[in-house]
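J.: For reference, the chains in residue letters:
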Amino acid sequence: MLQYIIKRLLLAIPILLAVVTLVFFVVRMAPGDPAQVILGDSASYESLTALRSELGLDRPIIVQYGEFLVSLVQGDLGDSIIRKQSINTIIADVLPYTVELTLAGVLLGVIIGLPLGVFSAVYRNSFWDYLTRIGSLIGLSFPAFYSGILLLLAFSVYLGWFPVVSDPDMGNLGERLHMLVLPAMNLGLIMMAYVVRSARSSLLETLGEDYIRTAKAKGLPGFIILYKHGLKNALIPVITIIGLYIGVLVGNSVLTEIVFNRPGLGKLILSALDERDYNLLQGLMVIYAFLIVLVNLVTDLTYGMVDPRIRKQ
Amino acid sequence: MKYILEVKNLSTAFKLQSGWYRATTDISFALRQNETLAVVGESGCGKSVTAFSLMGLLPEHGSRIDSGSALFKGEDLLTMPREKLRKIRGSAMTMIFQEPMTSLNPVLTVGSQIAEAVYYHMNVGKAAAKKRALELMDMVKIPDPKNRYNDYPHHLSGGMCQRIMIAMSLACEPDLVFADEPTTALDVTIQAQMIYLLNELKEKQQMSMVFITHDLGVVAHVADRVAVMYAGTIVETAPVADLFADPRHPYTRALLKSIPRLDKDNKDITPIQGMVPSIDNMPEGCRFFARCEKKDQCRPDEFPQLLPLKNSSNHQVRCLLCE
Amino acid sequence: MNTIARFKHFGTETYHVFNRNKTSWIGLLLLTMLVLLAVLAPVIAPYDPVEQHIIQRLEPPSSQFLLGTDYYGRDVLSRIIWGCRVSFIIGSVSVAIAMFFGTILGSMAGYKGGYFDAFVMGVMDVLMSIPTLLMGLLIVAILGPSQANLIIALALTMIPRFARIARAPTIAAKSKVYVEACQAMGFSDMRILVVHIFPNIFGELMVMGSMWMATAVRTEAALSFIGLGVNPPTATLGGMIREGFKDIMSAPWASLYPGLVILLIVFAANLLGDGLRDALDPKLRNEK
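Protein chains in written order, with the numbering used here: chain A, 1 to 313; chain B, 1001 to 1323; chain C, 2001 to 2288.
If you're looking for bench data, these hints aren't it; they were derived computationally from the structure. Keep in mind that a hint or two might mislead.
[Stated by the list, open to error] Looking from chain B toward chain A, a few residues come up when the C-beta cut is under 10 Å (computed):
| id | residue |
| --- | --- |
| 1 | K1087 |
| 2 | I1088 |
| 3 | S1091 |
| 4 | M1101 |
| 5 | N1105 |
| 6 | L1108 |
| 7 | N1123 |
| 8 | V1124 |
| 9 | A1127 |
| 10 | Y1149 |
| 11 | H1155 |
| 12 | L1156 |
| 13 | S1157 |
We put the CB at the ideal spot given by N, CA and C, even for glycine.
Construct all of the structure, not just a fragment, from the sequences and the given hints.
T.: Here is the structure:
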């Protein structure tokens, strides 16, 4: 098992490095001169040159890349030239909100989606199965910003159950949770759609396996066959899919934060775009890449815990 | 109680795109205690379907039992409540499958998979079930059961997995075991070991066995009686010696002729001409008619019944020419 | 079987696949209707999508403006119809590009094997580890919001998915006797790939094609909503929601109807892909 963990960790590093490199060079492709952006069109040639050398922009790009990597390894994402603040601080301020939102979404999606998928597989081709399948297909067709708007209209504006603007800084833990409900539900519904579908198809496939027939031939009670023999095997691919779709969920959290006007990485991206703060944008992308690689790692490790065939290797 | 299992006129149908079709028709046989019946036939002839029908293991959707009865120790398996059948299944009546590697659950230890069969049928605690599982592993000659108990199926070879399957099927001292081609997926040397083991255990436990195979060579080693199946019907059944000595049905004869033998020069080995009729295109009359050597003397319009020979009531044949 | 006969065989095979699963017909029908709407936009749309009726701003749906007007007094229905056009162009072109390059890259990687394979699939893994929306966001933010850039961004995230589909069957087919026979006869690699490997992955390409088109349309709408879509005043569905969002209390029609249409397009494409997948899956086939 330890060997497996180390192997996974080693595999994650080149991917992370490649993504970070990609982000670095794409950001350098931006038209225009960052110094010009900061100082405005009326800036003099001297002040521009001075700022460029201060920012290190006058050095070869390879050197800049090297420095970027070195500071990255030390955990430093650099400074925002627009906000004149450390990017680490800017991100650290809002990261918890995005993490809490995404985790709540995943949790909600799995808790509701898994039993629903099992139900759908057990009663396959029944009316309720069709309803669940069509429902989940609609769920995963929803653009997150549109579902967010509809939730907001229904529960905040029409029913008045939740605040229209969520500001998690206000109030105590209860209020903070209260404000998390709708945004988390928005992400949770999307996650649920994916979980239902993968759980259903995976369980259906598992229930057709030879060892399920063996379990039946042994005369085991139906629920033991389903839970002990079916679900444990069926969960293995579902875990991968959950891990895979957390990536999708991270993208959707950006939209959710915008619609619900919630602080977080997504809102930060939006302001970085508005301010043309490419350093901040780069830092945010690095953080996202890091989060996704981390999620993949956790997924792989969970996978190894459930499947003895992988554990052995 | 004369017979442990008495099957009469069993017919099972499957649903295809264009409707329901019979996979087996009018299957009848009976089995005494400690007797082994070998069911022989080509793949797709309905051997496994017959066993699955009796075990209640047919797929829930797209299959049904059209007619028949199957008395197991006097009670009809086909009409009894599902819960009652479930309790018989795995204890008094068990099954060994063809593919030992895929028939074991990959994420559970092999020992626990045996213990499970004990636990859910014998009203004992987990510890007693484990103890019994270790006994069973020893009985099927798995070396060092204590260490193998916590192994997963992928740690074991095909032969070892099949021993686990056998141990599992014997867990509650069954009266009847269906062995569905238990040796087909194994190496030839392992096959012999497995047949020896099954025979030995059968004698020890005084149980009956339905041994499904397509290998006539195996039949001679294990069976007391033989039922030959063709295209969903039993065409001939007889004590094993009678069948080999005096096969009556043209299909049985053709089958015996098509096996190469070491003790003959094999010049008269002849393949059977033609193809098995497909499930959605069964002839009305005799299903072997189109391929039969003696069809010139016969007629295709009547479906023959499985009838005993005049001089030997133990030997039944489904052939218009033999009546 | 020659190449033409092969493709004819596909035609009938595809037809049978559709017939096996009714939901794929519904998806296809719905999608065709929406595509027709987009294609015939100049004919069908009652108004010019950028024409501003200044005195009739934020008008509710009426017989004059079937779905009402937006903040600038533009006809919502006409803008939706023209917006569909943008969605379909971006969605289908990006999927087509991704399918083309992905299939070639994947099958070449599988066919050549070795370092080439490892390198290509490594790059694919990296591309795949970035969520579609974030990749789109990064590229469009840097290169500027234009139809071409949106297409490039979306295609980049989808190429790996198609490469994966193409690679596995190529590796499987490579060792088959008939492919070795073709190599022995001196057929070009390209010909072998097209004639012997493409047919094997045709079905899955169709499934993934429609599923990823759904994702592409949704992502384009999301980027337009963020403000990174095709520049205004061009009508895009996501952009309409962005503009209508601030008036959602007083004029919900300006943002809710375009959203509904996005949902419809994405749902239809997903339904089609889902139905095709069920129909093509041999395990599910016998169950129905």
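J.: Against chain A, is B/M1101 within 10 Å by beta-carbon distance?
T.: holds (9 Å)
J.: Holds or violated: is the Cβ of B/V1124 closer than 10 Å to a Cβ in chain A?
T.: Constraint on B/V1124 not satisfied, violated at 15 Å.
J.: Quick one, is the B/H1155 hint okay against chain A at 10 Å, beta carbons?
T.: Where the cut-off is 10 Å and the nearest Cβ of chain A is about 8 Å from B/H1155, the hint holds.
J.: Does B/L1108 meet its interface restraint, that is, does its C-beta lie within less than 10 Å of any C-beta in chain A?
T.: The hint holds - B/L1108 has a Cβ within 10 Å of chain A, the shortest such distance being about 7 Å.
J.: Given a cut of 10 Å on the nearest C-beta pair, is the interface hint for B/S1091 held or broken against chain A?
T.: holds (6 Å)
J.: Quick one, is the B/N1105 hint okay against chain A at 10 Å, beta carbons?
T.: holds (4 Å)
J.: Can you verify the interface hint for B/I1088: is its Cβ closer than 10 Å to any Cβ in chain A?
T.: Interface hint status for B/I1088: holds (7 Å vs cutoff 10 Å).
J.: Checking hints one by one. Is B/Y1149 an interface residue toward chain A, by the C-beta closer than 10 Å rule?
T.: violated (14 Å)
J.: Given B/A1127 as an interface hint, is the shortest Cβ-Cβ distance to chain A below 10 Å?
T.: violated (19 Å)
J.: At a threshold of 10 Å, is the proposed contact between B/S1157 and chain A supported by beta-carbon distances?
T.: Result: violated, 16 Å to nearest chain A Cβ.
J.: Would the hint on B/N1123 stand, with a C-beta cut-off of 10 Å toward chain A?
T.: At 13 Å from the nearest chain A Cβ, B/N1123 fails the 10 Å test, so the hint is violated.
J.: Minimum Cβ distance from B/L1156 to chain A below 10 Å?
T.: Given a least distance of 13 Å, the restraint on B/L1156 is violated.
The structure fails to meet hints 7, 8, 9, 10, 12 and 13 from the earlier list, while all remaining hints are met.
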